[in-house]
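**Q** Listed here are the chains, written in short residue letters.
Protein chains: 2
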Amino acid sequence: MCCPNVIEKVRQRISRRDLLKSTGAAAAGVLAAGCKTTAKAAPATEPVSFTRVVDLSHTLHPDFPAWFVPGEEKTFGTKTFLPPAIVEVERVFKYEEIKINLSKVSYWEHVGTHMDAPNHFSEGSSVEKIPAEDLVLPLAVIDIKARAARDPLALVTLEDVKAWESKHGRIPERACLAMNSGWAAHVNTPKFKSPNADGAHQQPAFHIDAIEFIMEERNVVSIAVDTFSFDNLHSPEYDVHNAWLGDERWGIEVVNNLDDVPAAGATVVVGQPKIQGGTGGPNRVMALV
Amino acid sequence: MCCPNVIEKVRQRISRRDLLKSTGAAAAGVLAAGCKTTAKAAPATEPVSFTRVVDLSHTLHPDFPAWFVPGEEKTFGTKTFLPPAIVEVERVFKYEEIKINLSKVSYWEHVGTHMDAPNHFSEGSSVEKIPAEDLVLPLAVIDIKARAARDPLALVTLEDVKAWESKHGRIPERACLAMNSGWAAHVNTPKFKSPNADGAHQQPAFHIDAIEFIMEERNVVSIAVDTFSFDNLHSPEYDVHNAWLGDERWGIEVVNNLDDVPAAGATVVVGQPKIQGGTGGPNRVMALV
Numbered sequence: 071m072c073c074p075n076v077i078e079k080v081r082q083r084i085s086r087r088d089l090l091k092s093t094g095a096a097a098a099g100v101l102a103a104g105c106k107t108t109a110k111a112a113p114a115t116e117p118v119s120f121t122r123v124v125d126l127s128h129t130l131h132p133d134f135p136a137w138f139v140p141g142e143e144k145t146f147g148t149k150t151f152l153p154p155a156i157v158e159v160e161r162v163f164k165y166e167e168i169k170i171n172l173s174k175v176s177y178w179e180h181v182g183t184h185m186d187a188p189n190h191f192s193e194g195s196s197v198e199k200i201p202a203e204d205l206v207l208p209l210a211v212i213d214i215k216a217r218a219a220r221d222p223l224a225l226v227t228l229e230d231v232k233a234w235e236s237k238h239g240r241i242p243e244r245a246c247l248a249m250n251s252g253w254a255a256h257v258n259t260p261k262f263k264s265p266n267a268d269g270a271h272q273q274p275a276f277h278i279d280a281i282e283f284i285m286e287e288r289n290v291v292s293i294a295v296d297t298f299s300f301d302n303l304h305s306p307e308y309d310v311h312n313a314w315l316g317d318e319r320w321g322i323e324v325v326n327n328l329d330d331v332p333a334a335g336a337t338v339v340v341g342q343p344k345i346q347g348g349t350g351g352p353n354r355v356m357a358l359v
Numbered sequence: 071m072c073c074p075n076v077i078e079k080v081r082q083r084i085s086r087r088d089l090l091k092s093t094g095a096a097a098a099g100v101l102a103a104g105c106k107t108t109a110k111a112a113p114a115t116e117p118v119s120f121t122r123v124v125d126l127s128h129t130l131h132p133d134f135p136a137w138f139v140p141g142e143e144k145t146f147g148t149k150t151f152l153p154p155a156i157v158e159v160e161r162v163f164k165y166e167e168i169k170i171n172l173s174k175v176s177y178w179e180h181v182g183t184h185m186d187a188p189n190h191f192s193e194g195s196s197v198e199k200i201p202a203e204d205l206v207l208p209l210a211v212i213d214i215k216a217r218a219a220r221d222p223l224a225l226v227t228l229e230d231v232k233a234w235e236s237k238h239g240r241i242p243e244r245a246c247l248a249m250n251s252g253w254a255a256h257v258n259t260p261k262f263k264s265p266n267a268d269g270a271h272q273q274p275a276f277h278i279d280a281i282e283f284i285m286e287e288r289n290v291v292s293i294a295v296d297t298f299s300f301d302n303l304h305s306p307e308y309d310v311h312n313a314w315l316g317d318e319r320w321g322i323e324v325v326n327n328l329d330d331v332p333a334a335g336a337t338v339v340v341g342q343p344k345i346q347g348g349t350g351g352p353n354r355v356m357a358l359v
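Protein sequences appear in the order of chains A and B.
Mapping the first sequence onto my numbering, position 18 (from 1) lands on 88, and the numbers just tick up by one.
Mapping the second sequence onto my numbering, position 182 (from 1) lands on 252, and the numbers just tick up by one.
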């Protein structure tokens, strides 16, 4: 089902671009497509080839850094929450007793390398609705490591996107656009959260201008970051989350090993468990190179 | 780390095959490789190509069938367990309240389309130890649908493996060997468990002879079934689980849509979340065709 605000947003964008004036049929098609995914459908494709696999997921463990601290109250709006452990793996069956091991696993969804589904910041689709063909995408990696090393609030800007295109050509159709800020190397160190004087987390993220450009002018299915948020203190109202996820799109956070893939030419595979109603959650992301 | 019983098993197998007599260096290599995975390492590969993606995972929901019934006691050896819900997705943050949705997810690991890691039936590796390059494999599918339609305890036999090879050539190096019993079509019906007069589940599975053949004579990394167990009532002591997982190997259960992939030539991608210490768990399996 397509929620009214998604339809309205797509309608507004089409209107803004005056698409209706020039290409009424195409615009109507985009509007209809918005109910499943805002990015355009897959065209008949050329074969994709690869010779090696790169692991883009971190191992999730109880000390893995997140946007919350277990047991430390977190307030959103008028609500205060008490976050649980990052992940609990409680061994229920024990090999030493019955020759079988089995654990009960539990977590708040947005920990480790994970997806944000549209419904994390909207009334849009939950995670199991994302079709498999949308989980295998050309990967475009924008490297802002040098700037991020100087500024933990560095942003992927519209200029970065255009510079990438100057070097590698137009962002491929139905791409995943990833930020490589070098943050994956800090994942088990205090640098990953880089708190400021007030204790607020600092980490690189996307600039809303870059996001609006790829929403309006390119056909990008997913965004990805090697930090734990698409937004940082430059967008305290979660502009990127609201714009991107609110437009029936999704993305991946806390990605690993982007240094091991080329800026252009790899294929990302997002191994997202299909848990009904989920708003995202831990997954296995790999690159085919 | 390689546990002693894995080293010993690999040593026994090498001894049994008299590999040490003829190819000492190669045998020593296999022994060393046993610490990571029993299957042989990836050779320099030819490029793999694909043009489409097939979803091989089911959606996991609270009514999904499993080898246990929530709230109904289950006994293994001297221990009795009270299984919880198949999966719990408890919405903690609510969009209607704070413009963010987020859920707490919990499950016993072996539900839905999922992996059995070596440590599910051994003291071997947990799920996060399986390297990404082992999660992308040539897929060989053995179709026993006709036999399974007549007999819910049908088995993939050694003869089935040999018949597959007669038609498609030798099982590819580092393959995933899958059983297509047609059971995926029954997943939300009573037929999936097909209880006998005593209430015991009936479902197709692998014959231990087929498993021993692919362990001894072929280089197979993973097995896969479209039912919820590699074993059935023909092997009540879990012969296949013990032999395969106990040999530092892994597999996938409750796979979907095997009718939509060719018997030979596809590539399986096992999107397995890297949860430290896990014995397997829900994942996203896809085929690249």
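Any given hint could be a false lead.
One copy or any two copies: either way a pair holds, since identical chains are not told apart in the list.
[Claimed, not checked] Keeping only pairs whose Cα atoms sit at most 30 Å apart, straight-line, the calculated DSSO-like set for lysine-lysine is:
1. K174 <-> K263
2. K237 <-> K169
3. K169 <-> K263
4. K263 <-> K232
5. K164 <-> K263
6. K169 <-> K149
These are calculated hints, taken from the structure and not from any lab test.
Model, not experiment: these values are computed from the prediction.
**Q** Evaluate each hint against the coordinates.
**A** These are the hints, each one checked on the structure:
no.: 1; hint: K174 <-> K263; verdict: both (29 Å within a copy, 23 Å between copies)
no.: 2; hint: K237 <-> K169; verdict: neither (56 Å within a copy, 39 Å between copies)
no.: 3; hint: K169 <-> K263; verdict: between (41 Å within a copy, 24 Å between copies)
no.: 4; hint: K263 <-> K232; verdict: within (29 Å within a copy, 56 Å between copies)
no.: 5; hint: K164 <-> K263; verdict: between (36 Å within a copy, 26 Å between copies)
no.: 6; hint: K169 <-> K149; verdict: between (45 Å within a copy, 11 Å between copies)
The structure shown violates just one earlier hint, number 2.
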